[in-house]
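K.L.:
The lines below spell out each chain.
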Amino acid sequence: MLHDLQTRLMLGIYDKKYANVAFPYIDESGNNSAEQQLSIYRTSIFGGLKKALVETFPVTKQLVGDDFFNAMTGRYIARFPCQVQDLNDYGESLAEFIRDLKHARSVPYLADMAKLEWSVNLAYNTKIQQANLDKLSSLSEQQQLNITLHLANGSSLLHLSYPVDKIWDIHQNNSLQEINIQKTSLYLIIFKNDYDVVINRVSEEQFYFLTCCNNGLSFVEVCQAMLKTCSEATLNTIFSESIQYGWLQNYTG
Amino acid sequence: MILSEHHDVKKRKPSPHHTTNKNSISGVGVGFRANHVEHIETQQPDIPWFEVLIDNYMMADSSDLYHLEKLADHYPLTYHGVGMSLGTASSTGKAGLKAGLNIDYLKKLKALVDKHNPAYVSDHLCWTSVNGYHSHDLLPIPYTDEAIKLLITQIKQAQDYLQRRILIENVSSYLTFKDSVMQEWEFLKIIAEQADCNILLDINNIYVSSINHSSSAMDYIKHIPTERVKEIHLAGYTDMGTHLLDTHGEAVHQPVWKLYEEALKKFGTVPTLIEWDNDIPEFSVLAEEASKASILMQQVKQYAA
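Sequence order for the protein chains is S and G. Using this note's numbering, read the first sequence as starting at 1 and increasing by one per residue. Using this note's numbering, read the second sequence as starting at 1 and increasing by one per residue.
Hints in this document: simulated from the structure, not taken from any laboratory. One or more of the hints may lead you astray.
Said to hold, decoys possible - Distance ranges between label pairs, derived from CB positions:
#1 S:Phe68 / G:Gln302: 52 to 60 angstroms
#2 S:Tyr245 / G:Tyr66: 22 to 30 angstroms
#3 G:Asp46 / S:Ser138: 49 to 57 angstroms
#4 G:Ser214 / S:Arg79: 34 to 42 angstroms
#5 S:Gly30 / G:Gln302: 39 to 47 angstroms
#6 S:Asn70 / G:Ala305: 49 to 57 angstroms
#7 S:Glu204 / G:Tyr66: 33 to 41 angstroms
#8 S:Asp86 / G:Asp279: 18 to 26 angstroms
#9 G:His39 / S:Thr237: 46 to 54 angstroms
#10 S:Asn70 / G:Glu250: 18 to 26 angstroms
#11 S:Arg79 / G:Gln194: 40 to 48 angstroms
#12 S:Ala131 / G:Lys110: 25 to 33 angstroms
What the hints assert, rightly or not - Chain S is nowhere near these chain G residues, computed Cβ spacing over 12 angstroms in every case:
#13 Asp46
#14 Lys70
#15 Ile190
#16 Asp196
#17 Asn198
#18 Lys222
#19 Lys266
#20 Phe267
#21 Val270
#22 Ser284
#23 Ile295
#24 Gln298
C-beta: ideal position from N, C-alpha, C; glycine also.
One chain only, chain S, in its complex shape (with noise of 0.2 angstroms):
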């Protein structure tokens, strides 16, 4: 009974349009009506979600305005009503569902911004985590080629159409630098380096490298796997670099 009412309300709350199946449990002798009742705490509750995905996606909003953000994100909250507990959990489906939006159409690099942000608010709230790299010289050559190497915590890898890295820089430096939003393939790490979240720029080999790693390969695999397009050489560098940069954190095996 009491789950059956509580199913109802949320319902009822998250999408106007089932508000009526929460009505017959809602007094209304009092001034207000079922919807007037139930639309307190809707506008509430949108709003407490809406500041939440504000502060996930600031460029994100300010590359549409106050209020195509706020319908945006009003018919987003519908569609995708929050499962999580931990509000800096909540956006995950923000980019997809901006690619399908036609309103946002006239802003094609929305959906990669907030593709980026979501990776950036992912590293912001990952745990620092020890990196064990150094022990890899420890390892006979056998062991380490059995072994499994691994990005940071709450890593990223995107492959995006924007050059959107560069609109995020300037929104964070408040610069009046114009730049040119030309339609490319930009491939980027976006990770957690002590307590600052780090976006660089990566070239296809090296994503693909990373990517390998990320599918959890074992480094004989990864080699292999890479040895099919690059050479031997590259391949070195590419390892040296992912260590190097901090891209690549940990190992197991």
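Guided by the hints, dock chain G onto chain S, whose structure is given.
P.N.:
Leaving out everything else, chain G in the frame of chain S:
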């Protein structure tokens, strides 16, 4: 995972949650908010205790926890939560750790409670989630026997898990249910007594709900069992025209101060918190509100003597 944790609870001896807590509080505290961290750490203001919104530290990285550690080094703390969702009913009709209560949340909460031993741990007389959907808001419960039974079971299990008595807070409400068969104060009283938990009485919430539902705030205070009230909350509401909204975004309003005075006369000088969560002003504004409450507390104390 959940099963083994549930077994832990079952195996545990009867809860010792009625022991004395060394980290006791008195006087008027304020909420610990990110905007004031630097001020508090550098100035160490003369505030007797702070209340921590503990949900903010459950997924926190080391930098957030570092500030909590620093606070705990200098001040007594209370932990206030919004995520226990004590009133969530499960689809099976059963209550408890495998049903309505979120074991993962309780586990994280217990780790922090064990670390800092706060004077009190509190949450709300409400539900916030159901079927995996979260409102991140404090949703009202119908005042029925079914809800009483559920809440008693789940509060008891939360107390057993945390190994301490918790405080439950009355929430502001904007909606009433046809099924309710009693007043909120009666509902709260029965639950507190039968679950053997304490009460965090939010005076602003009593006032807001009394205006929204045309009920008597004084009547509410009159019926709450004195010995159960261990903490009081004060905050500012916003007048929305059609209703009052518990925004925690303004100074405490005059009718709430008046009601607070009456509450102090009935409950004694219970530790009181100034809450401010939206449009948060400079720390000095909160300290001034705390000072007002403190003066009122002293006046009532002198009058009683």
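K.L.:
A separate judgement is required for each hint: does it hold in the structure or not?
P.N.:
Taking the hints in turn, this is what the structure says about them:
Remark: the range hint 52 to 60 angstroms for S:Phe68 to G:Gln302 is upheld by a beta-carbon distance near 58 angstroms. Checked against the hint of 22 to 30 angstroms, the pair S:Tyr245 and G:Tyr66 passes, with Cβ atoms roughly 27 angstroms apart. At about 55 angstroms, the beta-carbon gap between G:Asp46 and S:Ser138 stays in the expected band of 49 to 57 angstroms. The hinted window of 34 to 42 angstroms between G:Ser214 and S:Arg79 holds, with their beta carbons roughly 37 angstroms apart.
In this structure the supplied range 39 to 47 angstroms holds for S:Gly30 paired with G:Gln302, their Cβ-Cβ distance being about 41 angstroms. For the pair S:Asn70 and G:Ala305, the supplied restraint of 49 to 57 angstroms holds, since their beta-carbon distance comes to about 55 angstroms. A hinted range of 33 to 41 angstroms for the beta carbons of S:Glu204 and G:Tyr66 is consistent with their spacing of about 40 angstroms. Restraint check, S:Asp86 to G:Asp279: a C-beta distance of roughly 24 angstroms satisfies the suggested window 18 to 26 angstroms.
Checked against the hint of 46 to 54 angstroms, the C-beta distance between G:His39 and S:Thr237 comes to roughly 49 angstroms, which is consistent with it. Checked against the given bound of 18 to 26 angstroms, the beta carbons of S:Asn70 and G:Glu250, roughly 23 angstroms apart, stay inside it. A beta carbon spacing of about 42 angstroms between S:Arg79 and G:Gln194 agrees with the range 40 to 48 angstroms that was offered as a hint. At about 30 angstroms, the CB distance of S:Ala131 to G:Lys110 agrees with the hint of 25 to 33 angstroms.
Look at G:Asp46: its CB is around 31 angstroms from the nearest CB on chain S, clear of 12 angstroms, so calling it non-interface holds up. The beta carbon of G:Lys70 sits about 16 angstroms from the closest Cβ of chain S, which is more than 12 angstroms, so the claim that it is off the interface holds. No Cβ of chain S comes within 12 angstroms of the Cβ of G:Ile190; the nearest lies about 16 angstroms off, and the non-interface call holds. Every CB of chain S lies more than 12 angstroms from the CB of G:Asp196, the least distance being 22 angstroms, so the non-interface label holds.
The claim that G:Asn198 is not at the interface with chain S holds, since no C-beta of that chain comes within 12 angstroms of its own (minimum 24 angstroms). Distance check for G:Lys222 against chain S: the nearest CB is about 22 angstroms away, which clears 12 angstroms, and the non-interface claim stands. For G:Lys266, the requirement that its beta carbon stay farther than 12 angstroms from each beta carbon of chain S is met, with the minimum near 28 angstroms. Chain S leaves G:Phe267 outside its interface by the beta-carbon criterion, the shortest separation being 29 angstroms against a cut-off of 12 angstroms.
Every CB of chain S is more than 12 angstroms from the CB of G:Val270 (nearest about 28 angstroms), matching its label as outside the interface. Non-interface call for G:Ser284 relative to chain S: holds, since the shortest CB-CB distance, roughly 25 angstroms, exceeds 12 angstroms. Annotated as non-interface, G:Ile295 keeps its C-beta farther than 12 angstroms from every C-beta of chain S; the closest such distance is 33 angstroms. Against the 12 angstroms criterion, G:Gln298 stays outside the reach of chain S, whose nearest CB is about 36 angstroms from its own CB.
Against the hints set out earlier in the document, no violation occurs for any number.
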